[in-house]
Amino acid sequence: MWHESYTSVTGTCHTVLALVALLEREGGRRPASAVGVLYSQPGGTLHRETIRAYGGVHSFVEAHSSSFKLESAKKGQRCPTIILRAGTEVDADNEILEPAHAVKAKRSLPACRFHRYGKCLRGDACWYSHEAPPVQVPIFDELEVSRLSASEKRKALRDQLLYYLSDENLQHDRFFHDLTATSDGWVDIPSILDCRRMRLLGATAEEIPEVLRGLTDVELGETEAGVQAVRRMVPPPPLLGERLPPPADTPECSLVERPLTLLRDTGSGWEPLVEDHDRRSFCFVRENTWPVELLQAEFQIIRTSATWKELRSRGGVATRSTAWYVPRGCTCRYTYGDASVGPHGRPEWLDAIESRVLVEACGLERSCWPDCVNVNLYKDDEQNVGWHSDDEGLFRGCEQDCQIISASWGAVRTFEVALKDENHACGRPSIFKRTLKRVQLHPGDLCSMEGLFQKHYSHQLARGVTTGEELPKANERINLTWRRIVNHKSYCPLARESNNA
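Note that my numbering numbers the sequence shown so that position 6 is 6, with each residue one more than the last.
Any given hint could turn out to be false.
[What the hints assert, rightly or not] Between beta-carbon pairs, the in silico distance windows are:
1) SER340 with SER430: 21 to 31 Å
2) ASP371 with SER340: 18 to 28 Å
3) PRO190 with ARG213: 17 to 27 Å
4) TRP308 with GLU206: 44 to 54 Å
5) ARG366 with GLU222: 35 to 45 Å
6) PRO237 with GLN440: 22 to 32 Å
7) THR204 with SER340: 49 to 59 Å
8) GLU257 with GLU210: 45 to 55 Å
9) GLY316 with ARG154: 54 to 64 Å
10) VAL145 with GLY214: 21 to 31 Å
11) SER430 with PRO235: 22 to 32 Å
12) GLY202 with ASN475: 31 to 41 Å
Rather than coming from a laboratory, the hints here were simulated on the basis of the structure.
Glycine included, C-beta positions come from ideal geometry on N, C-alpha and C.
Hey, can you work out the whole structure from these sequences and the hints?
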């Protein structure tokens, strides 16, 4: 509820209306104060932001002590009252308050977000600054560029670079938006130099740090690959029309309420890709620490020894080859959409790999090992697995905590994860692209998905080979994925044993 107090100044040419308010948050115990002053004076109108900018009522009155004094709240009042001093105490020739635009010029104020989008109607009366948004430099031809002075070229390079990283561009330019959204905000300088306007300006990697010197809204650094890069100091805005993920409607049980041992707790070298405690969803990556010769030998053993079955899409295109190994006595088949893969007993060559991966890297006791492993072979960079969750009934990954461990051999491929959106359904994946994260999986790298990751997140192996020249047949990739079967098929003997127990 707004409470108002009106007082006039006598002896001056100004009439001042002071509005003092206390606004309580609904159901809250911590009231938030909001005060506004409106006065009839050529040059502008002051709004509630005026008081807020001074840090509250007391600071505002202290700054204008020649015009105001503060009277304590009277009994029954819910807010203090600003009383204007007598007119004799104020020089009639002096302005009680400076116009808003004059005060703005003296103080460093945040930019008006409405002005940036062309929607601010307050003009000079707006308490926030109306800085001109970055604009693209005009398209030059070689002759025009040759006529630019050194300072003009520096200014053109700086303006163009700031435009690439501005809200105005990132809301429409998916290329730059994706670069900033998936690399912790960093945009590598080679990508910038490859843009048309930068090429026309003849920009070089040495000039970029020079033209950015002294700017406070961008910084220089390096990407994870060690490439020189630049990024803005604030996160990028979403693309226009892009949906943002809502917070978790009902947070899952925390690790304190229901403890969960993660691989980062038992092993070393695990780095987080996703650490979403509200959704109890975790994804970690461990970079390779083993010699290339060992990985080469294992690649050849798996490639020649696994019992492969080729999987094809409904259109008849081969997507990958797979082999499915289960514990002794298990007859569960593994189903991929319309395809079904028969089980095989665990081969001897798997023991050495599991001892190294599950014990040395993951730190798991033998009793905690996963009991099944799925082996996938991607023969070229066009074979892949699209967006999906491991929601098979064998593992109940969308219903309960599920630990998945994956190891890579062969060509380097891009692994991507993203939060599911409200339209996600089995067979029709749909994600919030804003949450997409990606990582390059090299030979020997390990990746884990833990907790309720399958319930809330989707993942895919993207098309395209990155590199992999250190291994034979570099366009081929093999990965092993370990899980524990918690719900055997009804026809499986282990299901009957579990029921009898």
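* Asked: Any of the earlier hints contradicted here, and which numbers?
  -> none
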